[in-house]
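Below are the chains, spelled out letter by letter.
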Amino acid sequence: MQYAAPTTVDEARSMLADNPGSRVFAGATDVVPQMRSGRPEPSVLVDLKRIDRLMSVAHADGHWTIGAATPTSELTHNGEFAAMFPGISEGAGLIGSDQIQNRSSLGGNLCNGSPAADSVPAMIASEARAVIAGADGERTIPVGDVVTGPGQLSLSDGEFVVEFEIDDAPANTGDAYVRTTPRTEMDIAIVGAAVRVTMDGDTCTDARVVLGAVAPTAVRVPDAEAALVGSSLDDDTLAAVAAAASAAANPINDKRGTVEYRTQVAGVLAKRAAVLAADRAKGMEANS
Amino acid sequence: MSRTHITCTVNGEATDFLANPATSLLDALRDELGLTGAKEGCGTGDCGACSVLMDGKVTCACLVFAPEAEGRDLLTVEGLSSGDGAEGDHLHPLQQTFLEGAALQCGVCTPGFLVAAKALLDNNPDPTETEIRYALAGNLCRCTGYDKIIRSVQEAAVQLRSAT
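Which chain is which? The protein sequence lines are A and B, in order.
Residue numbering for the first sequence follows our numbering, beginning at 1 and increasing consecutively.
Residue numbering for the second sequence follows our numbering, beginning at 1001 and increasing consecutively.
What the hints contain is simulated information worked out from the structure, not anything from laboratory work.
All of these numbers come straight from a predicted model, not from anything done at the bench.
By construction, the Cβ of each residue, glycine as well, lies at the ideal position given by its N, Cα and C atoms.
Heads up, some of the hints might be wrong.
As the list claims (entries may be wrong) - Chain B regions said to be covered by chain A (calculated; three or more residues, Cβ under 8 Å):
{"no.": "1", "region": "1008-1017"}
{"no.": "2", "region": "1020-1029"}
{"no.": "3", "region": "1041-1051"}
{"no.": "4", "region": "1147-1160"}
Stated by the list, open to error - Computed spacing ranges between beta-carbons, pair by pair:
{"no.": "5", "chain 1": "B", "residue 1": "1159", "chain 2": "A", "residue 2": "203", "range": "34 to 44 Å"}
{"no.": "6", "chain 1": "B", "residue 1": "1123", "chain 2": "A", "residue 2": "200", "range": "33 to 43 Å"}
{"no.": "7", "chain 1": "A", "residue 1": "171", "chain 2": "B", "residue 2": "1142", "range": "43 to 53 Å"}
{"no.": "8", "chain 1": "B", "residue 1": "1081", "chain 2": "A", "residue 2": "168", "range": "25 to 35 Å"}
{"no.": "9", "chain 1": "B", "residue 1": "1034", "chain 2": "A", "residue 2": "260", "range": "48 to 58 Å"}
Here chain B stands alone, though its shape is the one from the complex:
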């Protein structure tokens, strides 16, 4: 089977890769580009562990065929923090508040929650708790019970608003 050449932007950088047409964007990100932040939980769009932003819209990467990414602007959890982990780089406020609020246990769902929460706060900097719960309804966590996640998103929203 011939592989397709795909050119897109990933976390702000022009990127290209090869993928079989039936490959999911999730598998391409993980296996071709080494971006293993997005996880496969269910593979059917129910759990949100593979959430990425495609042209700013939160999407399950497991439901996207890799060739669909042609020309698109993608953001994965790896693109949330500044820099690549060197000294002086800093985490995104959502990542920091998730850490401080203990909003994760096993961590498999966390990249998806962070990306979905970023999508929410990009469009709605001051969401109500109900709006946060609806915006994160496509992300399943089997450890925390969600409350710490909601509190952490609320705290990150406060920090992001005061920073602008």
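Same shape as in the complex, but just chain A:
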């Protein structure tokens, strides 16, 4: 195995095109354990962290641009970003310890392809876009279109995520990500729920509900979104949100959580995330 550290996107593109079996990496927090557990070594391990574009966070012209390999600790410590997207920030901040946070990235978390990736549901809820570079240039697709199944991506050989674009949240908008894990910290979600709502006074005018860890990919829940829009998040609405989320859940059964448990908790967490997002949208989040 060879190691290469290109310094431009173009250099990385040609390296990947010239070396079949090569693989990009950012923080290696998934790549190393995978190699240690017997996954075949790539021909060339292409380190994306020396490319400035993949390691920067910028806010201009009404949107954020986040380099795909930027450590999540940089994002969670960015006060302006965390204030506008508390849900994305708290999802990204749940990926492991400080040691991991200094290496883990939105690009890695997404492209590892885990249905339980903590930063992904809130990115989808804010309609984040992934800018993808490949042999033919660059293209931009919704983050929700990158992962097609556990460990499976829609990217072709030689393609990699360069950066994410996220439009500024509209006024009176809040997002939230909540999850449940067998342990309280340093664990993988058995259910995650991200909600983003825009409020006009007490009335919800726009909503996105996204579940993680209960289907082969993160999934949006249109029925829950429809229930929220036009409501004041009253008890009947929240019951409908929970029912829609549980209906959308199609989880696996394993020692970490049964199908019944994950299905029920998907509803509970969707409801909690909706309430928290609405409180944030109205600027009345309880101080924790």
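Based on the hints, put chain B in the right spot on chain A.
The following block gives chain B in isolation, referenced to the frame of chain A:
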């Protein structure tokens, strides 16, 4: 397989070494540079026994490929104390409070805890107990039960604040 020549700073000194691309930074530190303070517990980033600072950020050296260290500034537990053990040298306050507070038993996790605690106190000289517990959540200790470790970090923080 050709070995890569890597130049970096380790514990304040310009250093270079050779390593295979697939070698972890942890193995390079231990086997090429003789710095055996950082330990391999799990090898998958779960236990924190291999914690080092890379450009001031706490990182699991087992998850870093050795060539990634090119041009980086590394700090291992060996760099915490002043000098190299001669008379008149002194331990870092964290090392001293860990000793006095009996914050270790077998000691395998201790270098990682010391480095992670230094990273915390460098950025947050007066952390709450909760902040300390979160900052050390990536370090596992199977002997002490953590309480003595937390108390020792709190005491070191007091000493470091009064020293500045």
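Do the hints match the structure? See the list:
1. 1008-1017: Since three or more residues must qualify, the claim that chain A covers the region 1008-1017 of chain B is violated, with 0 doing so at under 8 Å.
2. 1020-1029: It holds, with 3 qualifying residues against the three required.
3. 1041-1051: Contact hint for the region 1041-1051 of chain B vs chain A: holds, 6 residues under 8 Å.
4. 1147-1160: violated (count 0)
5. B/1159 with A/203: 34 to 44 Å: 55 Å, violated
6. B/1123 with A/200: 33 to 43 Å: At roughly 40 Å between Cβ atoms, residue 200 of chain A and residue 1123 of chain B fall inside 33 to 43 Å, so the hint holds.
7. A/171 with B/1142: 43 to 53 Å: Taking Cβ atoms as reference, residue 171 of chain A and residue 1142 of chain B lie about 51 Å apart, which means the hint holds.
8. B/1081 with A/168: 25 to 35 Å: 49 Å, violated
9. B/1034 with A/260: 48 to 58 Å: Holds, at about 55 Å.
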